[in-house]
Amino acid sequence: MKLKSLLVLISFLAAVEIAPESAAKAFLTGTNYPSGEYPSAAVVQDLNNDQIADIVSANSNAANLSVFLGKANGTFAAAINFSVGAGAVELASADFNGDGKADLAVTDGIKSVHVVLGNGDGTFGPPTNFTLHTATIGVEIADLNKDGKLDLEVANFGPDNNSQGEIAILLGNGNGTFATPVYFKLDHRAIRLTAVDLNGDGNLDLAVALQHFAHDVKSLAVLLGNGDGTFQSPVISVSGSATDVAAGDLNGDGKVDLALTVVFGSVVHVLPGNGDGTFQPAVDYPVGGYSGTVELSDLNHDGRLDIVVGGGHFNVLRGRGDGSFAPAVTYGIGNRFATIGDFNRDGAADIVAGGGFSAIGVAFGRGDGTFRAPLVYFPNAGLSSMASADFNGDGHADVAIGGSILLGDGTGALVPSTVYTTMTANWLRTGDFNEDQKPDILMATISFGGIFVFLGNGDGTFQAAKGPFLSGEDLWPEVNDFNNDGVLDVAATQTFQRTLSILIGKGDGTFQRATNYAAGDIPQSPASSDFNGDGKIDLAVSNTFESTVGVYLGNGDGTFQNPLTLTTSNPLYSAAADFNRDGRPDLVLGGDGLKVFLGVGDGTFQPPQTINAGYGPLSLSDVDGDGLLDVMVSDDFATLTVLRSKSDGTFRPAVSFPTGAQFVGHNLLTDLNGDDRPEAIAEDIADSVAVLRNTRQPRF
Numbered sequence: 001m002k003l004k005s006l007l008v009l010i011s012f013l014a015a016v017e018i019a020p021e022s023a024a025k026a027f028l029t030g031t032n033y034p035s036g037e038y039p040s041a042a043v044v045q046d047l048n049n050d051q052i053a054d055i056v057s058a059n060s061n062a063a064n065l066s067v068f069l070g071k072a073n074g075t076f077a078a079a080i081n082f083s084v085g086a087g088a089v090e091l092a093s094a095d096f097n098g099d100g101k102a103d104l105a106v107t108d109g110i111k112s113v114h115v116v117l118g119n120g121d122g123t124f125g126p127p128t129n130f131t132l133h134t135a136t137i138g139v140e141i142a143d144l145n146k147d148g149k150l151d152l153e154v155a156n157f158g159p160d161n162n163s164q165g166e167i168a169i170l171l172g173n174g175n176g177t178f179a180t181p182v183y184f185k186l187d188h189r190a191i192r193l194t195a196v197d198l199n200g201d202g203n204l205d206l207a208v209a210l211q212h213f214a215h216d217v218k219s220l221a222v223l224l225g226n227g228d229g230t231f232q233s234p235v236i237s238v239s240g241s242a243t244d245v246a247a248g249d250l251n252g253d254g255k256v257d258l259a260l261t262v263v264f265g266s267v268v269h270v271l272p273g274n275g276d277g278t279f280q281p282a283v284d285y286p287v288g289g290y291s292g293t294v295e296l297s298d299l300n301h302d303g304r305l306d307i308v309v310g311g312g313h314f315n316v317l318r319g320r321g322d323g324s325f326a327p328a329v330t331y332g333i334g335n336r337f338a339t340i341g342d343f344n345r346d347g348a349a350d351i352v353a354g355g356g357f358s359a360i361g362v363a364f365g366r367g368d369g370t371f372r373a374p375l376v377y378f379p380n381a382g383l384s385s386m387a388s389a390d391f392n393g394d395g396h397a398d399v400a401i402g403g404s405i406l407l408g409d410g411t412g413a414l415v416p417s418t419v420y421t422t423m424t425a426n427w428l429r430t431g432d433f434n435e436d437q438k439p440d441i442l443m444a445t446i447s448f449g450g451i452f453v454f455l456g457n458g459d460g461t462f463q464a465a466k467g468p469f470l471s472g473e474d475l476w477p478e479v480n481d482f483n484n485d486g487v488l489d490v491a492a493t494q495t496f497q498r499t500l501s502i503l504i505g506k507g508d509g510t511f512q513r514a515t516n517y518a519a520g521d522i523p524q525s526p527a528s529s530d531f532n533g534d535g536k537i538d539l540a541v542s543n544t545f546e547s548t549v550g551v552y553l554g555n556g557d558g559t560f561q562n563p564l565t566l567t568t569s570n571p572l573y574s575a576a577a578d579f580n581r582d583g584r585p586d587l588v589l590g591g592d593g594l595k596v597f598l599g600v601g602d603g604t605f606q607p608p609q610t611i612n613a614g615y616g617p618l619s620l621s622d623v624d625g626d627g628l629l630d631v632m633v634s635d636d637f638a639t640l641t642v643l644r645s646k647s648d649g650t651f652r653p654a655v656s657f658p659t660g661a662q663f664v665g666h667n668l669l670t671d672l673n674g675d676d677r678p679e680a681i682a683e684d685i686a687d688s689v690a691v692l693r694n695t696r697q698p699r700f
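One point on numbering: in our numbering, the residue at position 407 of the sequence shown is 407, and numbering is uninterrupted.
It should be emphasised that the hints constitute simulated quantities derived from the structure, not laboratory data.
Some hints could be false.
Stated by the list, open to error - In silico lysine-lysine, DSS-like type, Cα no more than 25 Å apart, as pairs:
#	residue 1	residue 2
1	K101	K149
2	K101	K71
3	K185	K111
4	K255	K218
5	K71	K111
6	K185	K146
7	K438	K506
8	K506	K466
9	K146	K255
10	K146	K101
11	K438	K466
12	K536	K506
Working from the sequences, and respecting the hints, build out all of it.
Laid out in structure tokens, this is it:
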């Protein structure tokens, strides 16, 4: 086997969106805009009459609204936050008083709906509060009694100790005020609703999503309207617990159909309408992640309605025009909700969604039903560390995620393929451990407590696990040839045993008995390189509690000298590379800030430079194509940061980018489409991974 002098560190490779000096983005992501805490809904409206779409988000944890005024280029001004009452959960917008200025209706999740009249410049007057019986959630605006004045329809969730909900109807007076609420009782809690003529009699009816945390509760109520703002008794149907409902003609028969999202099961129900207010049995379509909101729109201008589902991520189901839909495509720009608008005035539908804990995320549409945002996948085995190689020999990079293999198709997309193990992994590494020229997988497991090897068959499948070769649930491995025999070996820290273990490879996928070295308190994240230039591989091991890094110089036979010591606060993540191009390996360490130690060439290092306040999982790659290794680091729950190298050991200012995840875990960088530009793959520890396509232009 040809010796690889330094294997690429695949631990925690950051998935990022990067802005080179040209301002062109390297990775395709949405754009986040800071908002109040935990935006739970948004409305798209022209608030200042400049013919440009603006956004208002309801921020449930902050109990306020954020107004984002749109610019002609599709970007938004910084949020203007204001409170309307005790909370802000859902909202709707229209001109309630006929002055040509957009107004808002906001529910607070408690017992009120608040009406705020717009000033026509993106600001609003004081709220008028309407107290209702129970917790208010969804709100809809429509003229229910045909008097030319807009009315409010509010979904009331019901008190905590009562499963009954109701709909509150507030008939509008046409001047921004509303009549005393009239209530229509439901047997189940109302969450969201839509007003539409379901039976073709010219009167608006209500379709109401019902929610209860049980499987056997009905999830849809239909209230046929009398045309005067009153309704007939509700008809309850469809088993489950719903989150939202949308209406439109999905099969082209001139009758209104419904799309209903549900709590239990990642699906959207499609209910063909009979034209009389009743519906045929639901057809279920799987979506990625949990399902939350639902909207209908013709995203690709083919005259057929498509479905957009917001929730854990946002999903697009392209309509075929006959009531059926193509499989969902999942995108990562945010969570909780997805609302449609055209923000850059190109005629293509764009999406705004929750963008982390305190932000909204915006993704632009291409007009063909696809969006400029990361693609999201759901491996069918437990998520954990990731690694990449061409596992099936087709010339395209594939990805191992936990116990699953996702095969690359050469276009940048991944296809779920094989579950090669049910073991839960801490870390994955790839390499040819039995010298058959086929990539294998080395796994440090949680569930089985040890290091195992899965030998690849070269077709994307793997043999049964070999091992364990080292026992423990706290193993952190590094792979290299430590004894210069051309066969891959393993170095692994055992955190709670306070040891560094060396396993010499036999060349058949197995290893000799481990040799152990004392490694300080909480040793983690071994990184390997030839730090002293003697042609022998050395190791650097972080000791988190001791705030030191032990540098173990290799003897070239698989043994190591007593460690040299570097001091740095709480080191955790590490990688080795030559950042200043002097031929001497350097170290980058995450801990209390991201620090770079430039190598002297004898196994010692210069004093560190702190290059970023971030401390999380990191990795190295030439992201922008300038021939220099850049550093990427997890910065917070949903954001990663890139620091571009200047080639002298210093770095350009950090630029942070959203990943579309709720919580970023393991990450990986690999070229999925064969253009020599690495894609970033980011794990959302909730349930998924996102692929961020690299769009940078090659440099010459």
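When the hints from earlier in the document are held up against this structure, which numbers fail? 5
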